[in-house]
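Sequence lines, in order, name chains A and B. So the first sequence is numbered by the working numbering: it starts at 1 and just counts up by one. So the second sequence is numbered by the working numbering: it starts at 1001 and just counts up by one.
I should point out that these hints are in silico values taken from the structure, not numbers from a laboratory. Remember, predicted model here, so these are calculated numbers, not experimental data. For glycine and all other residues, C-beta sits at the position ideal for the given N, C-alpha and C. You may find that some hints are simply not true.
What the hints assert, rightly or not - When the alpha-carbon atoms are kept at most 16 Å apart in a straight line, the in silico EDC-like pairs for lysine to aspartate or glutamate are as follows:
1) A/K505 - B/D1191
2) A/K227 - B/E1506
3) B/K1504 - A/E223
4) B/K1227 - A/E197
5) A/K283 - B/D1191
6) B/K1505 - A/D191
7) A/K504 - B/E1224
8) B/K1283 - A/E511
9) B/K1283 - A/E223
10) B/K1227 - A/E502
As the list claims (entries may be wrong) - Over 10 Å on every C-beta distance to chain B, these chain A residues come out as not near it, computed from the model:
11) D81
12) Q94
13) S110
14) G123
15) G130
16) H207
17) L243
18) E335
19) K384
20) K412
21) Y470
2 protein chains.
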Amino acid sequence: MVSRANEEHRLETLRHSAAHIMAQAVQCLFPEVKFGIGPAIEDGFYYDFDLPRALTPDDLPVIEKEMKEITAQNLPFIREDVAKEEARRLFADQVYKSELLEELPDKQVSLYRQGSFVDLCRGPHVDSTGELKAFKLTHIAGAYWRGDEKRPMLQRVYGVAFETEAELEDYLFRLAEANKRDHRKLGRELDLFSIHEVAGPGLVHWHPKGAVIRHLIEDLWEEEHQKRGYEIVYTPHIAKLSLWKTSGHWDFYRENLYPPTDIEGQEYIIKPMNCLGHILIYKTQLRSYRRLPLRYAEMGTVYRYERSGVLHGLARVRGFTQDDAHIFCRPDQIEDEVGEVLELAQFMMNVFGFKEYQLFLSTRPEKYAGTIEIWDKATESLRKVLETRQLIYKIDPGEGVFYGPKIDIKLKDTLGRSWQGPTIQVDFNLPQRFNVSYIDRDGSEQLAVMIHRTVLGSMERFLACLVEHYGGNFPVWLSPIQVTIIPIADRHLDYARAAATELKKEHIRIEVDDRSERMNLKIREAQLNKVPFMVIVGDRELKTGTISIRLKSGEDLGSMSLLEFKEKVKTTIDNKL
Amino acid sequence: MVSRANEEHRLETLRHSAAHIMAQAVQCLFPEVKFGIGPAIEDGFYYDFDLPRALTPDDLPVIEKEMKEITAQNLPFIREDVAKEEARRLFADQVYKSELLEELPDKQVSLYRQGSFVDLCRGPHVDSTGELKAFKLTHIAGAYWRGDEKRPMLQRVYGVAFETEAELEDYLFRLAEANKRDHRKLGRELDLFSIHEVAGPGLVHWHPKGAVIRHLIEDLWEEEHQKRGYEIVYTPHIAKLSLWKTSGHWDFYRENLYPPTDIEGQEYIIKPMNCLGHILIYKTQLRSYRRLPLRYAEMGTVYRYERSGVLHGLARVRGFTQDDAHIFCRPDQIEDEVGEVLELAQFMMNVFGFKEYQLFLSTRPEKYAGTIEIWDKATESLRKVLETRQLIYKIDPGEGVFYGPKIDIKLKDTLGRSWQGPTIQVDFNLPQRFNVSYIDRDGSEQLAVMIHRTVLGSMERFLACLVEHYGGNFPVWLSPIQVTIIPIADRHLDYARAAATELKKEHIRIEVDDRSERMNLKIREAQLNKVPFMVIVGDRELKTGTISIRLKSGEDLGSMSLLEFKEKVKTTIDNKL
């Protein structure tokens, strides 16, 4: 039996060999090529080339064809160990290879040769080129030599490679599906949100249709939180920097804070977290042990600096709205509270159809506040909750926040990809720094424990996740437009509008396509907009007092009464389908 | 008949004379007093004194008594015109008066004398001290000589004066009432919000009970806006400064902007207004004349710099959430749209029981963007809407925003005081600066018109207004806690909790006072917390399966079934009572 680690090693070797095969193919086509580096990467490989002309996507099939000839020849990969001097002569006209060679400390270096191609390489490789059976070149990108923007720009050709054609097919299908589902693309097509260079990268503007989805999620979120004894609060977006010095954010998290601005001689920053505002509210009164836990919830928009290079649509942004809450409790309440948060998180994941998820317990990072004793205590509480509930989890070493350990949940979407979801953090540190306390049964003052938690993560990332999870085909209850009414001709407009008025009474989100366009065009556009129901009204419907229903899939549900349809849509929405 | 203007002039004269009478009284008590200035102000007067000791509130009745003796003597006010030289001699030991005297350009100056007191004064005054019949000294404050913090601090004594005792009584009653209703005081007592020096002045933290009220208002607001064809959007709180330079805010409004902060070589500011985000969303698509108006609504939190000295509770803050919307429309739609906003504003005022309000049309300010022609056009549209609807309004000259004129509505609360409420601004300028356009019927590109509007103003100021309007006695539908259930003894706790569970099913906001305290104390605390309904359960209720209801006014509604009570509360809430 091949172990998982062996299998991964075998695949990496195969992909590395594929890079060499691609290099050989490119050399056949462009004898003057100068080679950079060509490693295996996740799912495939790349090689950097210095070429006399820019490659275009049209070149990729030509290179692939050349590669297939090389694999058909089943050339052996031959390792040679030679003196550095000999290698120097061999790579004399390969300027990048020569540079790499000079940096090797050894006197002997290893070469790998297949057919006419030879490379400076540590290996290992597969036995012969014929072992590469399933590969595809995917795209071309520019890459500075050694990642240094002062050095020449090379052309990097990417490919993917798998053991079998079936695996490659499966991969390419998922890739195409993922591209189709890309939330940045669908976000534009479905008019959900935009990000504007003139306003600043990573700052999200929610369009009406995206805002409808967000608002529905917020309503559900608030209802569930109120049911579970949370209280909503609102706190400001700026605060004096001194507060963030007391908290430790300035010491431990400075690179993610926005630079301070001066107001009347005081430095202020835009908040990176909601916790301090909640602490200030807690501290406005003496709190009794009888009244704990207090659970403050806020859809709090926070701002954190991220380099513009790492920003990615809604998934990695600079401003985001956390579905945040802070639970102030006694030490003896931690486990119950964390357990209830887990239960709420599971409820939410279920509503949105996430069937699979992974749990991670993140432990003390390199830079941390508080004592090791406190950290151990907090980590132990989290571990205990997970184990009591017999939940399977992985340890994520050093990935805790500076003020405490956490449980992270990663959601698996319909394509099996992971998304950062809920997080639960136990914190003994901030209560100490801000003297967040309560009066215990015996009249003594005790430090409270804070639990920081989100059950969706952030509204921005959660929308990205939902868009890709559903591929833009939101369930009816979340669809920005639930029904498009399509009158066949202008004479059916009044009937269409009357139907719309009736459906709107039930808060069904309706659009009447009143343009003087052909019915088929209107249907196609409603489908592109992924509207769940199309209601067609023409002469026949007018005469029989019915409406005809079509789904976005193209399925024809035939005609029915408006009342019947209304009940059908209402039931679907009420069941969050 | 005395005209309004004459009456006001007469009152001002009386109050000015009252200031002189107070000065005479203080001189009798403190012969070494040095006088600053003593003008009439709204409702009364003050005088600034340099005294050998600090006054305390206990001094005020003593000064009042002295003043009453002076009015009883009915001393005539005598004007004397004298040469400056003579005045100099007269005020030789009055350092502040001497300073004022030197600044007068004339050779002759006028004095007013009553009894032993003489003042450098332009007048006019009433004929004699006996005319002052109704006055009261109210408080003492520090005031730098000439408002300059480098000059000596004088003691300013404030008083109020009216024509008749009845008017004075009425004023003092309203003042006491206003103090009782002060939203800062009630906000603390009812646990609605807090502002923290450590976080920064003018930055509001909404506590759970305040947030309940805000959330209810937001829900109502959203529902009414959706009904009226508005679409909700969300935009970020920071944006590049360059955007605010394009808009003109940087030129015209800089003193209210927060200082910029640098991110990757770009300056960003925290937004003072929501309009630019909405413009960016509008501009993501070509818009057709057929699809206008577009109405984007956002509960948008904005930040504006105000000197810490002018901040006042929730009424004047640095961060506030505008119930904002921007209507993008064609020029031919302005009047309909402004009219509908007025209608919505009236709807809202009605819900919250504001029966009276004043309308103001604010015109071009000194610093403005755009051409006078555009300003005239916009002002004319607003005027037309007001006049078509036969609404009574006043002109507020120069009080428009830099980008356009506006209609302001001032609400009158139950004490007859004015609160800044809804605002509607017509804007031809920002569309020009950002090229906000639409494709007209003939295929040409036309500039859209923007209408900026709020129908509550800001959530912070509106809560301040509501707290004082209702005196903290919120109607049932807005009360953070609607029902307090009071078990008489611990053995009634289960029955109390079962009743709470039943009422919570209807989303009635319940609190069970489960403390082991006496019933009377629990009732008193619920009354202090202004909870509309108290439900008392004891042996009798348990036996008969009923509950006993008491109102916060103390009125006893007797016993009824839980079902009956539930229906009663539900109906009250549904009718927004």
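Hints, verified against the model:
1. Under the criterion of a C-alpha separation no larger than 16 Å, the hint pairing A/K505 with B/D1191 is inconsistent with the structure, at around 38 Å.
2. Proximity of A/K227 to B/E1506 is assessed by CA-CA distance (about 12 Å); at most 16 Å being required, the pair is judged to hold.
3. Simply put, B/K1504 and A/E223 have alpha-carbon atoms about 13 Å apart, close enough for the 16 Å limit, and the pair holds.
4. For the suggested pair B/K1227 and A/E197, the alpha carbons sit about 34 Å apart, so the restraint of at most 16 Å is broken.
5. Distance hint between A/K283 and B/D1191 is fulfilled; the C-alpha atoms sit about 12 Å from each other, no more than 16 Å.
6. A hinted pair counts as satisfied when its Cα atoms are at most 16 Å apart, and B/K1505 with A/D191 does not qualify at roughly 38 Å.
7. Taken as a hint, the A/K504 and B/E1224 pair is honoured in the structure, with Cα atoms around 14 Å apart against an allowance of 16 Å.
8. Proposed proximity of B/K1283 and A/E511 is contradicted: the alpha carbons are some 21 Å apart, above 16 Å.
9. Proposed proximity of B/K1283 and A/E223 is contradicted: the alpha carbons are some 35 Å apart, above 16 Å.
10. Restraint check for B/K1227 and A/E502: the C-alpha separation of about 13 Å stays at or below 16 Å, so the hint holds.
11. Separation of A/D81 from chain B is adequate, the least Cβ-Cβ distance of about 48 Å exceeding the 10 Å criterion.
12. Its beta-carbon lying about 38 Å from the closest one in chain B, A/Q94 satisfies the requirement of being farther than 10 Å from that chain.
13. Listed as outside the interface, A/S110 is consistent with that label: its C-beta sits roughly 43 Å from the nearest C-beta of chain B, beyond the 10 Å cut-off.
14. Listed as a non-interface residue, A/G123 keeps its Cβ farther than 10 Å from every Cβ of chain B; the least gap is roughly 42 Å.
15. A cut-off of 10 Å between C-beta atoms confirms that A/G130 is not in contact with chain B; the least separation is 50 Å.
16. Against chain B, the non-interface label of A/H207 is violated: not every CB pair exceeds 10 Å, the least being about 6 Å.
17. Not every beta carbon of chain B lies more than 10 Å from that of A/L243, the smallest distance being close to 6 Å; the non-interface claim is violated.
18. No Cβ of chain B approaches the Cβ of A/E335 within 10 Å, the least distance being about 24 Å, so the stated non-interface status holds.
19. In this structure A/K384 is separated from chain B by more than 10 Å, as the shortest Cβ-Cβ distance comes to about 30 Å.
20. For A/K412, the condition that its CB be more than 10 Å from all CB atoms of chain B holds, with the nearest at approximately 28 Å.
21. Against chain B, the non-interface label of A/Y470 holds: every CB pair exceeds 10 Å, the least being about 20 Å.
When the structure is compared with the earlier hints, violations turn up for hints 1, 4, 6, 8, 9, 16 and 17 and for no others.
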